[in-house]
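Asker: Same order as they appear, the protein sequences are chains A and B. Per the numbering used here, the first sequence runs over residues 1 to 310. Per the numbering used here, the second sequence runs over residues 1 to 310.
Heads up, a few of these hints could be off.
What the hints assert, rightly or not - Label pairs and their calculated CB-CB ranges: (1) B/Ala301 / A/Ser178: 42 to 48 angstroms; (2) A/Ala238 / B/Gly65: 40 to 46 angstroms; (3) B/Pro176 / A/Lys18: 36 to 42 angstroms.
To be clear, the hints were calculated from the coordinates, so they are not data collected in a lab. Every residue, glycine too, gets a C-beta built ideally from N, C-alpha and C.
Residue-level listing of the chains:
2 protein chains.
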Amino acid sequence: MTSPRSNAVAIGPEEDRKLVAAVERGGGVSAPLVDASALIWTAGPEEFPETLPAHVRWVQLPSAGVESWFEAGTIDAHPDVQFTSAAGAYAATVAEHALSLLLAGVRALPEHLAARTWDSRHFYDRIGTLRGATVTIVGAGGIGRALIPMLASLGADVIAVNRSGKPVPGARRSLPVSALDEVWASTDHVVVAAPSTAATHHLVGAAELARLRPHSWVINVARGPLVDTDAVVAALQAGTIGGVGLDVTDPEPLPDGHPLWTLTNAIVTPHDSNPPRLKNAAYADFVEANVNRFVTGEPLAAPIDRVQGY
Amino acid sequence: MTSPRSNAVAIGPEEDRKLVAAVERGGGVSAPLVDASALIWTAGPEEFPETLPAHVRWVQLPSAGVESWFEAGTIDAHPDVQFTSAAGAYAATVAEHALSLLLAGVRALPEHLAARTWDSRHFYDRIGTLRGATVTIVGAGGIGRALIPMLASLGADVIAVNRSGKPVPGARRSLPVSALDEVWASTDHVVVAAPSTAATHHLVGAAELARLRPHSWVINVARGPLVDTDAVVAALQAGTIGGVGLDVTDPEPLPDGHPLWTLTNAIVTPHDSNPPRLKNAAYADFVEANVNRFVTGEPLAAPIDRVQGY
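Produce the entire structure from the sequences given, and follow the hints as far as they go.
Answerer: Below you can see the structure in the form of structure tokens.
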């Protein structure tokens with residue numbers, strides 16, 4: 001067996017012209033898997049090869065969250081391969097979506113859209129602003145970090161919550177997730193952008209919602225199980241929070257007839273914060289940068305941690 | 001009589017905790033009027049004191065337009081005092097409203113809010129992004145200038161249109177209103193934030209709408225007559241533009257039963273981009289900055305011209 005060129009990169013399961021161009025812009029050479037040192041994957045875990053040539057040292061996966069890859073056993077089946085996710089690739093577009101949901105909520109757009117008459121005093125007390133508001137972002141990964149300058153441009157104060165509490169650039173305060181308890185009563189709004197793990201299951205539940213304020217919006221652009229759906233429905237029905245913007249739900253898909261479809265201040269977007277049209281362009285940019293790191297020997301972006309599971 | 005400290009600032013007629021904090025952030029010290037060099041006013045002209053201590057050199061008024069203060073004689077009654085208005089104070093909140101409307105449109109939130117089922121493929125082609133999009137702001141006054149950094153944080157390219165074409169900070173291109181004709185076919189979205197004059201009447205009419213794109217959103221946060229309502233209705237019915245976000249309409253109030261109340265991609269907010277509750281917070285920010293100028297001896301923002309009457 002000949003040793004493959006160290007900059008030879010395969011794309012699979014299907015070749016994609018935009019990705020070939022991205023690999024080449026990154027300094028790689030597009031090659032069949034049998035000759036490659038790396039594999040850029042474009043599909044789900046189902047079609048992933050059971051075995052990889054021994055010289056494949058790196059596999060790039062196309063999704064930011066990789067639970068399904070762990071569940072399918074893909075990552076454990078290849079212990080000598082460095083897997084990277086696309087965490088961060090879609091950060092800016094998902095952050096934009098989160099901001100859209102939050103602003104729509106704060107500005108009472110769902111109620112405005114339901115109105116059929118001008119009488120405006122009704123709305124005066126419903127309209128808020130992000131200027132001077134405290135927005136807590138749970139999860140200071142790519143999405144959270146991309147969201148901070150957007151919120152800053154609107155004059156919001158950001159509390160960033162991450163595992164370690166390590167200071168996050170642009171945040172007024174950075175807290176470890178262990179200190180999250182102290183946040184609920186002091187924040188105006190919450191954006192959930194954390195990985196889905198056993199530790200983050202129902203991170204926003206009845207107790208947390210009860211400590212938020214009547215104008216507080218909760219936005220989830222991460223994974224459905226981080227937020228307790230039944231608790232959200234109860235809080236909206238009781239009017240104890242301002243509303244929710246959910247790009248992800250639990251269960252997902254959200255069944256027809258579910259109360260969230262008709263509750264006034266629930267904005268549900270069916271996991272489309274990063275639809276295919278926006279995604280392909282962003283993945284190509286991410287691949288270009290990571291291929292460049294691979295061929296120049298720099299540490300790859302978004303390495304998957306086999307122990308943490310993301 | 002002892003001379004008051006030059007950074008002593010009174011707040012009246014009632015003390016307001018947010019304004020006390022703003023004064024202190026600005027480098028001032030909150031003090032009773034009898035000890036103060038400046039007065040931050042929070043009410044109308046009716047309650048304004050007939051006489052002020054001689055050491056009061058500056059009075060900040062809470063409104064952007066000050067006709068009523070001239071009419072009440074307040075300003076003429078205190079010829080040795082520098083009065084400032086709050087002109088520009090509320091630009092950021094109106095700009096935030098414009099951004100909320102634009103993002104809601106680009107992210108297809110009106111259609112999402114009308115949906116009662118998860119089936120998401122329907123939405124995939126409707127969702128856009130401001131990243132890389134061109135947004136033309138007509139009117140580069142306070143609101144337009146406040147909007148630019150918000151759009152920049154999302155990766156949008158801004159074309160700023162003003163009377164002279166003088167370069168506007170943060171805009172990719174600055175154009176005089178005489179060159180507006182060349183913009184319609186090359187912009188993605190339009191935000192109208194210009195004064196209402198004879199020259200700007202129906203600035204956005206049928207011909208202009210016809211040159212926009214099927215995904216283009218038109219936002220009006222200025223005055224209703226700048227946009228031709230009938231032409232907007234026709235464009236929405238024909239599907240030739242993406243949608244409109246209107247905080248102002250012509251006629252205003254928009255009558256019950258008007259087609260804009262029910263057309264899918266029309267978001268109407270009844271002239272509430274700057275409702276009373278938000279004014280207070282914005283005023284505090286303005287006060288902070290002007291107190292800082294006062295204590296450091298810089299020229300104050302929004303000085304009232306006794307001759308011009310504004």
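Asker: Each hint needs a verdict: does it hold in this structure or not?
Answerer: Results for each hint:
1. B/Ala301 / A/Ser178: 42 to 48 angstroms: holds (44 angstroms)
2. A/Ala238 / B/Gly65: 40 to 46 angstroms: holds (42 angstroms)
3. B/Pro176 / A/Lys18: 36 to 42 angstroms: About 39 angstroms separates the Cβ atoms of proline 176 of chain B and lysine 18 of chain A, which means 36 to 42 angstroms holds.
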